[in-house]
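Working from the sequences, and respecting the hints, build out all of it.
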Amino acid sequence: MDFKDYKGVWVFIEQKDDMVASVSLELLGAGRKLADKRGVELAGILIGENVKHLTKTVFEAGADTVYVYDQPIFKHYRTESYMKALLDCSDKHKPEIILYGATSTGKDLASAVATDLPTGLTADTTELDVEEETGLLLASRPAFGGNIMATILCKKYRPQMATVRSKVMKALPPEIGRTGKIVEETISLKEEDIRTKVLEIVKETVKKVKIDEADIIVAGGKGLGSFDGFQLIHRLAETLGGAVGASRDVVEAGWIDHPHQVGQTGVTVTPKIYFAIGISGAIQHIVGMKNSGIIIAINKDKEAPIFQNCHYGIVGDAFEIVPLLIEMFEHALAKEKVTK
Amino acid sequence: MLHIVACIKQVPDTKIIKMNPKTNTMDRRTAPAILNPYDAHAVEEAVRLKHKYGGIVSVVTMGPPPAVSAIKKCIEIGADEGYLITDRRFAGADTLATSYAVTKAIEKIAKTRPVDLIICGKMSIDGDTGQVGPGIARRLDIPPLTSVNKVVEINQEEGYAIVHRKLEDGYEAVRSTLPCLFSVEKTINEVPYSPLPNMIKAARYTPQIWSVDDLEGVDITQLGLKGSPTIVSKVWAPPKPAGGSILEGNPRAQVEQLLSVLLEKKELFEAKEGV
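First to last, the protein sequences are chains A and B. 344 is the number that the working numbering gives the last residue of the first sequence; the numbers go up by one with no jumps. 281 is the number that the working numbering gives the last residue of the second sequence; the numbers go up by one with no jumps.
Heads up, a few of these hints could be off.
Covered by chain B, per the in silico footprint, the following chain A stretches (three or more residues, Cβ under 8 Å) [unchecked claim]:
#	stretch
1	27-37
2	108-120
3	197-204
4	310-317
Looking from chain B toward chain A, a few residues come up when the C-beta cut is under 8 Å (computed) [stated by the list, open to error]:
#	residue
5	ASP86
6	ASP134
7	ASN155
8	LYS156
9	GLU159
10	SER182
11	SER217
12	ILE237
If you're looking for bench data, these hints aren't it; they were derived computationally from the structure. All values reported here derive from a predicted model rather than from experimental measurement. Cβ coordinates follow ideal geometry from the N, Cα and C atoms, glycine included.
Set out below in structure tokens:
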């Protein structure tokens, strides 16, 4: 394998319902920096049916080139068909780096592609950098259950691959009118060559919890002691008109469902105000909330790492502080209304 | 008769594990080794399908000799057979080298009893990648179905399975040919307490233990650290930010200060109140 043959940074462009996924735009932002540092092209690889017009968005988000596989067989995401397109493209055009969103689709695809290439794949990356000279990708992520960060390298294989958490990288502001080179590719794949078939897609809007869109999140951790103790979090969230978040421990203990989990294996959130109550602040949690506007921590243990990652901290008993906060907040709000 | 193989892993309980702040390594003595919680759901699903359609559940794992206890846990859940592949040459494997070794074990298991279905947990709690399951499927050239949160039907006669795959905003129903591989979400089932006969069986159970030499057609350059394209170059604690201001005083004084911080963002609350 001659590394000189491998050039350029690629982003797998995830699309659904005629839209480019926001994580793909974020990766184009991050990929742009890597490509510029290396002095190489940034390309998107776009696979789907009737998706060619989405190239406009991809160029405006920073890509120089877009490889497009636009065929009916790609109507639904399927591991085998998408993987074949990606392998075909990688074989022909030889990128040095391929980035995927760490979504269920991105992770599924990247795992399959990595096995077939074969190459190394780093999962759920939260920091990316590249060595200017060697082109070595430095992909960092929380490791060992999220208590520490690890930088992962892939020295002997190309392309180097990583899946990247959503909402961690920043998309560039779209440069309206920016264009680039479209490379249209096709592969001969028959429906009967693909062993899976999507029978039906069902949207579930009712049960959906979208804590990643909330302005205020009140998150609770194991420090609340029990399922009953955790109800305090619901009460404060209700008072403030916020959403409820939770640490991994709490979700694993069954006090609340997984869609509420903030952190590496949950959601990444960027609310204007984030309360971390009874949360010690493991790195896997911090990576999911550190970009919040104001972070307020309440914890009994003054040594808890959360106090290194907050804007305001209260060392104290949540069962004393929070009810008082609810009471005083309601009082202040009522007064506010009267004076208006 | 379905033959279902569940792939499992023994992991340190990362919820309990403590880091050594000086060396940035895990202090493994502080953490008990457990069956990866996601894998318990994989085994449970395999056992449920066995009860529904009839068949046999085998579990396979790669790990050090104490991983036998994780296999015993699976016997408690209702698995019938367990296989441990253990060898120093497996050590230091990343996801690519792991999927290679486990695939070799499954190929050997399949020689005596062909495999219809492989089930993995979504990911392990120590590695957190979810990459090994799809890797095994690719190596065996069977379809990988990730994010499975419901098995609708297994039809062995006609050779297909129908499952629901969880999506960000709902699910999709997918039909796949058999054999195939599922990696399952925790929400697929609840793992009940094990019945007493299973516990007794597990206590007495000794799994099949294989070294590299017991497997067939193994390219040892693809095993362990040597066969792993990814390496951990450094492990580090993120630079500690300066930290915030700690609000001092008695609880009432603390809350008062906090309140004034919140009320600076009054517009957030007013919108909610509809004022």
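Consistency of the hints with the structure:
no.	hint	verdict
1	27-37	violated (count 0)
2	108-120	holds (count 9)
3	197-204	holds (count 6)
4	310-317	holds (count 7)
5	ASP86	violated, 28 Å
6	ASP134	holds, 6 Å
7	ASN155	violated, 11 Å
8	LYS156	violated, 11 Å
9	GLU159	violated, 11 Å
10	SER182	holds, 4 Å
11	SER217	violated, 24 Å
12	ILE237	holds, 5 Å
The structure fails to meet hints 1, 5, 7, 8, 9, 11 from the earlier list, while all remaining hints are met.
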